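Quick note on numbering: the sequence shown equals residues 112 to 226 in my numbering.
There may be inaccurate statements among the hints.
Ranges of calculated distance between the beta carbons of each label pair, as one might list FRET restraints [to be verified]:
hint : residue 1 : residue 2 : range
1    : Arg172    : Leu202    : 31 to 41 angstroms
2    : Leu202    : Arg152    : 17 to 27 angstroms
3    : Tyr128    : Ala150    : 29 to 39 angstroms
4    : Arg172    : Ala127    : 14 to 24 angstroms
5    : Arg210    : Thr125    : 27 to 37 angstroms
What the hints contain is simulated information worked out from the structure, not anything from laboratory work.
Computed from a prediction, not measured in an experiment: that's the story for all the values here.
Quick reminder that beta carbons are idealized off the backbone N, C-alpha and C, glycines included.
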Amino acid sequence: VRLADWADEHSIATVAYLVIDVEGYEPLVIEGMGLEEEANRRRFALFQFELGGTWAERDPRRPFAWNQEQAAEFLEWAGYRLFLIGATEYLQVRPDFFRGDAGAVWDSGFGRYVQ
Numbered sequence: 112v113r114l115a116d117w118a119d120e121h122s123i124a125t126v127a128y129l130v131i132d133v134e135g136y137e138p139l140v141i142e143g144m145g146l147e148e149e150a151n152r153r154r155f156a157l158f159q160f161e162l163g164g165t166w167a168e169r170d171p172r173r174p175f176a177w178n179q180e181q182a183a184e185f186l187e188w189a190g191y192r193l194f195l196i197g198a199t200e201y202l203q204v205r206p207d208f209f210r211g212d213a214g215a216v217w218d219s220g221f222g223r224y225v226q
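Work out the full structure, taking the sequences as your base and the hints as a guide.
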């Protein structure tokens, strides 16, 4: 069941904050949010997710896998602004941020910013 359809069935017009933590299947949840539609972008205005290496990347049942840059491109296209979350601050990023060696900034996910 797509998240957008489930929200429709339960008459959920607005979600204040959504945390997506499904061990590597985040792209499927994001796809199921139906963000191509303006109403769903308003419904899911703020959400948190991770796209790092997980066991799900090796799952043969997984139909596709976005890397961080591809996910950022889609979400930017849909009108979202993206941030890495730090202990005391946020770092706004663009899709091309994920092309280079950003290890100095995120330190494998355990440094200044969590990715």
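Cross-check of the supplied hints:
1. Arg172 / Leu202: 31 to 41 angstroms: holds, 34 angstroms
2. Leu202 / Arg152: 17 to 27 angstroms: holds, 23 angstroms
3. Tyr128 / Ala150: 29 to 39 angstroms: violated, 18 angstroms
4. Arg172 / Ala127: 14 to 24 angstroms: violated, 32 angstroms
5. Arg210 / Thr125: 27 to 37 angstroms: holds, 34 angstroms
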